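**Student:** Chains as they are written, first to last, in our numbering: chain U, 1 to 338; chain R, 1 to 338; chain A, 1 to 338; chain X, 1 to 338.
It is worth saying that the hints were derived from the structure and are not from the lab.
Keep in mind the model is a prediction, meaning the values are calculated, not measured.
It is possible that part of the hints are untrue.
Each pair may be met inside one copy or between any two copies, as identical chains are not told apart.
With a cut-off of at most 20 Å between alpha-carbon atoms, the simulated EDC-like pairs for lysine to aspartate or glutamate come out as follows [unchecked claim]:
1. K306 to E19
2. K306 to E61
3. K159 to E335
4. K306 to E55
5. K67 to E35
6. K67 to D305
7. K119 to E318
8. K306 to D50
9. K306 to D49
10. K200 to E170
11. K119 to D326
12. K159 to E84
13. K119 to E146
14. K196 to E228
15. K196 to D305
16. K196 to E170
17. K149 to E12
Number of protein chains: 4
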Amino acid sequence: MLIVMHHSATAEQIRTVQEAVQAMGLRAEPIPGSERTAIGVLGNQGYVDDSGIRELPGVREVIHVSKPYKMVSRDFHPVSTVVEVGGVSIGDGHSPVIIAGPCSIESEAQMLASAHLVKAAGAHILRGGAFKPRTGPHSFQGLGVEGLKMLRTAGDEAKLPVITEVMRIEQLDAVCRYADILQIGARNMQNFDLLKEVGKLRRPVLLKRGMSATIEEFLAAAEYIVAEGNGEVILCERGIRTFESATRNTLDLSVVPLIREMSHLPIIVDPSHATGKRPLVPVMAKAALVAGAHGVMIEVHPDPDKALCDGAQSLNGEGFEALMTDIRRLLKFLEIEK
Amino acid sequence: MLIVMHHSATAEQIRTVQEAVQAMGLRAEPIPGSERTAIGVLGNQGYVDDSGIRELPGVREVIHVSKPYKMVSRDFHPVSTVVEVGGVSIGDGHSPVIIAGPCSIESEAQMLASAHLVKAAGAHILRGGAFKPRTGPHSFQGLGVEGLKMLRTAGDEAKLPVITEVMRIEQLDAVCRYADILQIGARNMQNFDLLKEVGKLRRPVLLKRGMSATIEEFLAAAEYIVAEGNGEVILCERGIRTFESATRNTLDLSVVPLIREMSHLPIIVDPSHATGKRPLVPVMAKAALVAGAHGVMIEVHPDPDKALCDGAQSLNGEGFEALMTDIRRLLKFLEIEK
Amino acid sequence: MLIVMHHSATAEQIRTVQEAVQAMGLRAEPIPGSERTAIGVLGNQGYVDDSGIRELPGVREVIHVSKPYKMVSRDFHPVSTVVEVGGVSIGDGHSPVIIAGPCSIESEAQMLASAHLVKAAGAHILRGGAFKPRTGPHSFQGLGVEGLKMLRTAGDEAKLPVITEVMRIEQLDAVCRYADILQIGARNMQNFDLLKEVGKLRRPVLLKRGMSATIEEFLAAAEYIVAEGNGEVILCERGIRTFESATRNTLDLSVVPLIREMSHLPIIVDPSHATGKRPLVPVMAKAALVAGAHGVMIEVHPDPDKALCDGAQSLNGEGFEALMTDIRRLLKFLEIEK
Amino acid sequence: MLIVMHHSATAEQIRTVQEAVQAMGLRAEPIPGSERTAIGVLGNQGYVDDSGIRELPGVREVIHVSKPYKMVSRDFHPVSTVVEVGGVSIGDGHSPVIIAGPCSIESEAQMLASAHLVKAAGAHILRGGAFKPRTGPHSFQGLGVEGLKMLRTAGDEAKLPVITEVMRIEQLDAVCRYADILQIGARNMQNFDLLKEVGKLRRPVLLKRGMSATIEEFLAAAEYIVAEGNGEVILCERGIRTFESATRNTLDLSVVPLIREMSHLPIIVDPSHATGKRPLVPVMAKAALVAGAHGVMIEVHPDPDKALCDGAQSLNGEGFEALMTDIRRLLKFLEIEK
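Pulled out of the complex, with its shape left as it was, chain U reads as follows (with noise of 0.2 Å):
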């Protein structure tokens, strides 16, 4: 942490900042400049709590070395995790994984063919929201546990794992019986408590990134989980909100080769929700591999007009074989490439 003083600080100010910071234990190492004094605090393990300092007079701002995330960071573990679940491997040196599925598990009927035809495309992995998160309380909210025998007949029957939202702690058991990766989504990635009894499970959590969510934050959520000893953690760009409503969100593909520099975790790429808009998403995830995520969750639904949630983003069977098509070429060129 430096503790920035102002120019017109003065001596006795100094002193003060300084008797604070020894005071929590740690030292200070006053840093005279030509125009301003800075005091390094030092001998910290990890984030140091500022209030007490940052309003003392005469301090102008507070600059933290340290981040909220520790465990999470490849400053601290070089070794990149790999996720392994139901045959699938995600993270670096596999090849990138697809998940696809529809939004919402609407029928027994709409889960098998989404799955078959998935499958058949060459996806490795079935998505499928029992669970669902509206802005508006009048929207369709999820068939609830029938949609999770669904989800998972589905996958049993297309042999691919399956994964789904978890949205609230008293899910998790029966979600946990159901499918092999939980999924924590925008809008709960700061649920601090779900974050928890997520982390205390063994079993493979994705974890989406807010949607006006920070790196660093993204990064400190997933510190959560890591650290009630849940290491298996995917985490997934899926757009951040920004004053630019022609897309519905704003797809942030730097933080690909950013989280990758900056985390031992894998990271893939949601352009469904996205860009919400159905032609966009094949090359957009196109985009994202090459960008470097270790994979890409479509939505695909056999009969996207009549969808019951997001529609207007899912590819339909055909469409989403040929971007299949296109990934597997894609995926091959890649792989030369290295």
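Take the given structure of chain U and dock chains R, A and X to it, following the hints.
**Tutor:** Below, chains R, A and X alone, put in the same frame as chain U:
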């Protein structure tokens, strides 16, 4: 709903869209313009899901006229809601309410000191957090139920109703046992399960705006609570996330007059979390009241420099007394002003 | 400047960074921490370009302690600037200034009516745009020099100093001939050539904050003008661009107390452009004054429904008179308050 | 244009709005819904100014169906524009173009080295800045006309067309004398006078997206140039400003397929300014090409650590050669892919 067709859309494409609308049980009214055709959708009760329409060939854009909320809108319910709690009335026609207290409950002594301090200065409601959402897992997480008891005791001693945050459904029983108002934090504004459970209670709820929530989403979140039968909702602006990082968040005071116009629910302002800077709190609290807020929520700590949480934005006793003196004069002035 | 090294940085990498700093004629002071080394950079006069450092091996982050402005900062120049124009004083220790008039100058009759109207209601300075920046090329673009003459005539008639926007260097001569204060619009806040030319004049300048400018960039833009010798700069907050689209922009009122602390320059607020909604203008104008603004700038049009530009956010004569009555009472109250 | 009335709007208010529309020479078509009335506005040629309507009593919202641009939209001009310059074709049906060179022109030696370097690696166009927009006045501001000459000489030597930024109208003559393509920077995207002057020339223009410009505003800015008669416009995405500060800006790659759909103009991507981080540049350049960009613009400097500007995001010769090898293979793959 209005469906805007491309300039080059064919008659066939327009007909297909009309049929898709009719298949949803709605009427489709073409509005031919000089440059393009638009299709008005009539007969809907509230918000229409546009998934089946948005990506049909020839469609340029779908514009929603209905909003994802109705019960909280002034358009449908012109009479202002006044929330009554422990002898305090919050809403139109009543003097603004002052909610004050520490960010976190730390000890019985700290809560008693806080309660007496804010009561003596003229506050109407005591706040204090027992369950704390924290960005990183290594920060102080709150005292839990023990803290709730301290809050209740302090409120009873000082004869102040109390408010505290509830973060998950399982905490509801405990929080309802000890608190007069339930607070839903910004990170949970779209925790829809929690909103629905809170909606089943008969207990006032203070709902904070999510840090990247539009006004439309904010009101839709309130609708979740009201739709379940609990109409005692107080909205709270606490700053939104923008590119500006000189303040913790950007306090969006314009929402105060705007929400007063759009909704019948009371709206208060939290300048402490919004600015994150002690010297800005008093001036922004006063600006909020002039903007028409039905109250303000202020962080006060007997000894901010020793606070376990958010000390840098907390006023001490002296600071809060000075602010209350100012506020009393200001409210008297605003009263005369009417 | 503080250079933060990676946890795993080698002694060799640290040495290379130190040498790079020394090659810039500066001192490098290593600060070994428990988790990583940081290197303090000393001896610089103002902002240091970090390009040669940021991507050296082992460097995690470069943190700037010096800011890209100095002359406009209160830290270096504690005495508040007061801008004097035509008998009006703008800044600390003076009653807030009211600038009012139409968005666009449309005709001599309209300007005379506006001038008499705002003068009678109590405004101190007359505004009106002769050169208009418009998003699309097919909108009304302003009357140019003819408009400037009408503005001057109207100001002289009503005995009010006048302010108008200058959009490009070639307009400077004409604008200086007719206007008392030059306005630099939000879109030109980083038109550095224009800033420099305006800095060579001895004429007060009102500089609007760019719609996505941080406070740091806003002050750096003002520094461009002051660095050229023109210290008569008035800052103006006019809303920033955020994800919220219910208001035209998000009025960031917290910058008022913040800029008063960080800079010695006066800061005023334009609630008309910030909100874009007539009913919000009066209430936000009053909130701005309570927040400590040295003035407000209000769009007023004798007949807003017929205005060629921004009529929806303009007050009519009656509305402005009512606002001025409120403002006068409020200022009297604030005066007593001190 | 669609005018949405309040639920509680009276028949009288609806009539007044209809009359106001008719007074503008347009037709007003009421569309009665189950919850409220909307009024369709017909007969307009392009964008309608809504100032006289938006604040009439009973009006809830005004929704624009026409856009503030038309000539640049694919809807009205389906045939893709291909810009030809010095033997290079930019646009649909042509291999993506690679523009490369240093941020700033520093000396003849540096420009010659840069030109030979990027030519040898396979770039098609040479870039270099002679007039530099800089956030603070104390940074290097560019070599001006002397720099332009060095750019021209270097381009001629290496047989590469050259592009450089023009910041103000007075620079146009000089820039046109020496450069093949004029660049309008992000900060000048809404410098409408400059856009109009550039529109009068017959010289290709590269228009960068403003850092907080929506796609609609970006296309409206291009419309300014095209409306004056210069149709040779190349759009350039260079990152937008968001809350995320880990990268310099947030590269919005989804605009590439979106703009290809909405407009007939070519769109290229600048990953150097967008990310501000050298290690991210190659990977995002490749992702941009996969997303469908008609080209990329890359900062290259013979000795980035000694660059006077933006060294931290510049590739050195070796880095650029490696990227070009990758890009060539990728383009060959994408070509086969078609």
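**Student:** It remains to establish, for every hint, whether it holds in the given structure.
**Tutor:** Going through the hints against the structure:
Taking CA atoms no more than 20 Å apart as the test, K306 paired with E19 passes between copies only; the shortest distance there is 14 Å, against 67 Å inside one copy. For the identical chains of this complex, K306 and E61 are inter-copy neighbours only, at 19 Å across copies versus 55 Å inside a copy, given an alpha-carbon limit of 20 Å. Taking the closest pair of Cα atoms, K159 and E335 never come within 20 Å of each other, the shortest separation being 26 Å inside a single copy and 35 Å across copies. Only between protomers do K306 and E55 lie at most 20 Å apart by alpha-carbon distance; the minimum there is 12 Å, versus 57 Å within a single protomer.
Proximity of K67 to E35 under the C-alpha cut-off of 20 Å is restricted to the inter-copy arrangement: shortest distance 11 Å between copies versus 27 Å within a copy. Neither within a single protomer nor between protomers do K67 and D305 lie at most 20 Å apart by alpha-carbon distance, with minima of 45 Å and 22 Å respectively. In this assembly of identical chains, the alpha carbons of K119 and E318 lie at most 20 Å apart only when taken from the same copy (13 Å versus 43 Å across copies). Taking CA atoms no more than 20 Å apart as the test, K306 paired with D50 passes between copies only; the shortest distance there is 10 Å, against 53 Å inside one copy.
Proximity of K306 and D49 under a CA criterion of 20 Å is satisfied inter-copy only: 11 Å between copies versus 51 Å inside one chain copy. When the C-alpha separation of K200 and E170 is checked against a cutoff of 20 Å, the pair qualifies both within a copy, at 14 Å, and between copies, at 18 Å. For the homomeric pair K119 and D326, the shortest alpha-carbon distance inside one copy (16 Å) is at most 20 Å, but the shortest distance between copies (32 Å) is not. Within a single copy, K159 and E84 get their C-alpha atoms as close as 16 Å, which meets the 20 Å cut-off; across copies the closest is 53 Å, which misses it.
When the C-alpha separation of K119 and E146 is checked against a cutoff of 20 Å, the pair qualifies neither within a copy, at 22 Å, nor between copies, at 52 Å. When the C-alpha separation of K196 and E228 is checked against a cutoff of 20 Å, the pair qualifies only within one copy, where the shortest distance is 6 Å, while the shortest distance between copies is 29 Å. In the homo-oligomer, the alpha carbons of K196 and D305 never lie at most 20 Å apart, since the shortest distance is 38 Å inside one protomer and 29 Å across protomers. Taking the closest pair of Cα atoms, K196 and E170 come within 20 Å of each other both inside a single copy (13 Å) and across two copies (15 Å).
Within a single copy, K149 and E12 get their C-alpha atoms no closer than 68 Å, and across copies no closer than 42 Å, so neither meets the 20 Å cut-off.
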